[in-house]
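J.: So the chains spell out like this:
Number of protein chains: 2
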Amino acid sequence: MYNNVMTAILHEHQKIETEHLLADLLVAANRLTRVAASATGDSTSPAIWRTLSVLDNHGPMRLGELATETRISQPTATKIVQNLNELEWIKRIQDPHDARVRTLAVAPKGAQALKDWKQRLGHALTPLFGDLSTAEWGHVKATVDLIRQRVRMSEQGETTIGDRSERGE
Amino acid sequence: MYNNVMTAILHEHQKIETEHLLADLLVAANRLTRVAASATGDSTSPAIWRTLSVLDNHGPMRLGELATETRISQPTATKIVQNLNELEWIKRIQDPHDARVRTLAVAPKGAQALKDWKQRLGHALTPLFGDLSTAEWGHVKATVDLIRQRVRMSEQGETTIGDRSERGE
DNA sequence: AGCGATACATAGCTCAGCTATGTATAATAA
DNA sequence: TTATTATACATAGCTGAGCTATGTATCGCT
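If you read the protein sequences in the order shown, they are chains A and B. Start counting the first sequence at 552; every next residue gets the next number (this note's numbering). Start counting the second sequence at 552; every next residue gets the next number (this note's numbering).
Derived from the structure by calculation, the hints contain no laboratory data. Where hints are given, some of them may not hold.
Cβ-Cβ distance ranges computed for the label pairs, FRET-style [what the hints assert, rightly or not]:
1) B/A656 / A/Q645: 26 to 34 Å
2) B/L638 / A/D667: 23 to 31 Å
3) B/G592 / A/E570: 39 to 47 Å
4) A/P611 / B/K630: 22 to 30 Å
5) B/S684 / A/N636: 14 to 22 Å
6) B/Q700 / A/D667: 37 to 45 Å
7) B/L638 / A/P611: 39 to 47 Å
8) A/R703 / B/R671: 30 to 38 Å
9) A/P611 / B/K660: 41 to 49 Å
10) B/I644 / A/D646: 37 to 45 Å
11) B/E639 / A/P647: 53 to 61 Å
12) A/Q645 / B/E706: 30 to 38 Å
Backbone N, C-alpha and C fix where the C-beta goes; we use that ideal spot for every residue, glycine too.
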């Protein structure tokens with residue numbers, strides 16, 4: 552039965568149109584973000600959750616590291632981190648060897664907030680996604696894993712702009 | 552061989568943890584958006600592409616319709632539409648029966664811009680996604696289709712805030 | 001001791017999101 | 001027909017995320 556689903560994909564879409572698929576994925580996900588925002592009434596920005604998630608998955612990291620990892624400029628990272636700090640969702644740790652460095656770590660409050668948000672979001676979208684089959688959840692999970700993996704890959708590959716040092720000034 | 556992939560999902564993850572999966576999807580997609588933005592150097596905002604895509608898929612629609620469909624407030628829709636209009640990517644058509652209504656449609660220039668963007672994005676992410684198997688593309692495509700379908704479903708379901716008329720004022 | 005490089009902060013801009021409110025037109029009731 | 005209410009969109013004005021340019025403090029090295 553599950554194999555039928557697979558066969559359907561392989562036969563009906565033997566040639567999947569991948570040309571626009573990634574763009575369509577981003578647009579669809581963006582729309583889903585809006586649906587989620589209105590369904591949960593969440594006023595906290597996606598950037599906050601993104602940053603907190605990265606910090607949570609990756610463990611303690613420097614501000615600059617966080618900026619390049621999440622592909623935002625260093626000043627933008629500074630601002631988001633300030634917001635997270637005011638919420639007491641992260642803590643800034645002074646590096647004992649380098650006074651310039653602020654190492655960032657998720658605070659217990661932040662870990663809880665993240666967990667709660669994911670759960671709230673899941674529940675809010677249950678009316679829409681509650682009836683998904685195991686196979687369909689499998690597609691979603693595979694996609695999430697894929698994206699995560701490739702985003703991690705991208706850390707080395709592409710051009711990074713933002714710090715003077717990296718533009719050779 | 553492709554069946555092995557499927558079997559792997561079904562056996563190794565017989566019980567997929569769906570609790571946080573949707574949140575993880577949104578976060579991952581958000582990160583991918585950042586990767587794409589930095590890879591393409593695209594200065595045009597995701598909101599512009601989202602709005603243009605919706606208009607392109609749906610066909611001509613009113614501003615208010617666009618706002619509820621994309622789950623943004625009417626004033627936000629007005630602003631985005633103004634930006635799209637300045638780019639000449641959409642056209643505003645006067646409704647002959649109701650002078651208040653501005654019907655919006657994608658202009659040829661906009662359709663081209665959207666197509667070009669999707670292609671640029673696809674190419675820019677080829678280093679990351681070029682090696683995906685047919686099965687993996689299948690997962691992505693299935694996920695995109697799922698999201699689209701459920702987002703469309705959400706039009707009726709959830710609470711809509713934004714217009715005075717809908718808050719009973 | 002001094003000087004370039006580095007890590008982060010600040011200033012100041014644009015755009016996307018919001019609520020509250022204004023304005024013009026339609027629809028309806030007096 | 002005219003006045004009232006409802007509707008469709010625009011405007012005002014705020015916050016936060018994104019950016020570039022630049023400032024400040026510290027490190028590393030000569």
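J.: Going back to the hint list, which numbers does this structure go against?
T.: Violated hints (numbers, rising): 1, 2, 3, 4, 5, 6, 8, 10 and 12; every other hint is consistent with the structure.
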